Amino acid sequence: MEVGDEQKYIYSDTELDRYEGQIIEDLKASSQEIIPDPDTWLDEEVKRNVMLSTVDSVINWAKRSSLWTAICFPACCAFEFIAAEGPRFDLSRFGMEIMRASPRQADLMITAGTLTWKMAPIVRRIYNQMPEPKWVIAMGACGISGGIFRSSYAVVPGYNRIIPVDVYVPGCPPRPEALIYAIQMLQKKIAKEQVVPDLPGFLQKGK
Amino acid sequence: MTVALSGKDIAEKLEEKLPGSLEDSGEDYLLVKSDSLLAVAEYLRNTDSLSFDYFNYVTAVDYYSYFELVYRLDSIEHNHSIVIKTRCYDRDNPTVPSLTGLWQGANFQEREVYDLMGIKFEGHPNLKRMFLWDGFEGHPLRKDFNK
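Sequences listed follow chains A and B, in order. Sequential numbering from 1 applies to the first sequence in my numbering. Sequential numbering from 1 applies to the second sequence in my numbering.
Any given hint could be a false lead.
[Stated by the list, open to error] Taking beta-carbon pairs under 10 Å as the criterion, some of the chain B residues facing chain A (in silico):
| # | residue |
| --- | --- |
| 1 | TYR43 |
| 2 | GLY123 |
| 3 | LEU127 |
| 4 | PHE131 |
| 5 | PHE136 |
| 6 | PRO140 |
| 7 | PHE145 |
[Said to hold, decoys possible] Taking lysine-lysine and the BS3-like style, the derived pairs with C-alpha atoms no more than 30 Å apart in a straight line are:
| # | chain 1 | residue 1 | chain 2 | residue 2 |
| --- | --- | --- | --- | --- |
| 8 | B | LYS85 | B | LYS13 |
| 9 | B | LYS13 | A | LYS118 |
| 10 | B | LYS120 | A | LYS118 |
| 11 | A | LYS118 | B | LYS128 |
By construction, these hints were calculated from the structure, which means they are not laboratory data. Just so you know, these numbers come straight off a predicted model, no measurement behind them. Ideal placement from N, C-alpha and C gives every residue a C-beta, glycine not left out.
Model the full assembly from the supplied sequences, consistent with the hints where possible.
If you want it as structure tokens, here you go:
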């Protein structure tokens, strides 16, 4: 069959098939080389011992697993705390049995007891002396709201009047189980904290 | 067991030594006039047969028309005790002599009474608030205290 000028650039079905086939053949031929695995430089030992994670989760894991308590127990809830520390309830299971006499070495304040206004500046100073990051658990009715002494002329109606509180534990006094539960709640809260700032947002704030 | 001495017996001795120093006396207390409190306390402390060498406590009661101070004195030597009381009728400026010169143990307790009841102890070396802070208004254990 003779092909006219107007039909010169129209392929026949077989030619079109061949043309497309050639494209595939070329692509296949040029794609024989495997893209290298970025981990090939790691030897077998490293591969077995390294786990990839985010910086946030690692730092938060470290922070929440070693909460050290500042010794600041103004009243009777301290005995429940002591019971929680002891062998029966065994707070050390949660990695936070260590108490620090110096607030500079502590990152958790458990406010176990009634606080009077005369004592309030001292507690606030202890809180200010604790290095960041730091958390506060308000333990017992007095710590939350002043409890039965709320209407007294000499009692602070709740620790949140003077320092920021993260977790509130009700009870008069709370059982050691309640305190342990509160600590676990605090640990969950710490796990959600963002340590490394979100970079684009951080840069925008910088402007 | 500590023997509580009869106030009547001691009142008889006191009437001889310091006449007119007592308002009243009962089986278990002596009610002393506040201006002769120091002399009576000195007598109770320094008389050999009594020798009250231990100041147990001082506390105060608000009876609206007057304040009553209650002292308890003990003798470690003889193992006996006595309660002496005194009254202040001036509500605006109640004043009693301080016993700190006789018993050092009275120092903090008189400060506590001053802090919470507002009774002034004349001759006290350091009469300032004990439990409440400087600048607190009023004396909270008074019956008419109202925050």
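Against the structure, the hints come out as follows:
Because the smallest distance between the Cβ of B:TYR43 and any Cβ of chain A comes to about 39 Å, over 10 Å, the interface hint for this residue is violated. Violation of the interface hint for B:GLY123 is found here, the shortest Cβ-Cβ separation to chain A being roughly 27 Å, above the 10 Å cut-off. Given hint, B:LEU127 at the interface with chain A, is violated; its Cβ is 18 Å from that chain's nearest Cβ, farther than 10 Å. Against a cut-off of 10 Å between C-beta atoms, the interface hint on B:PHE131 holds, since the closest Cβ of chain A lies about 7 Å away.
For B:PHE136, the interface hint holds, since its Cβ comes within 10 Å of a Cβ in chain A; the closest pair sits about 8 Å apart. Here the hint on B:PRO140 is kept, as its CB sits about 5 Å from the closest CB of chain A, short of 10 Å. Taking 10 Å as the C-beta cut-off, the interface hint given for B:PHE145 holds, the closest approach to chain A being about 8 Å. The hinted pair formed by B:LYS85 and B:LYS13 meets the criterion: a straight-line CA distance of about 17 Å does not exceed 30 Å.
Restraint check for B:LYS13 and A:LYS118: not satisfied, since their Cα atoms lie roughly 46 Å apart, outside the 30 Å limit. The straight-line distance between the Cα atoms of B:LYS120 and A:LYS118 is roughly 22 Å, inside the 30 Å bound, and the hint therefore holds. Restraint check for A:LYS118 and B:LYS128: satisfied, since their Cα atoms lie roughly 15 Å apart, inside the 30 Å limit.
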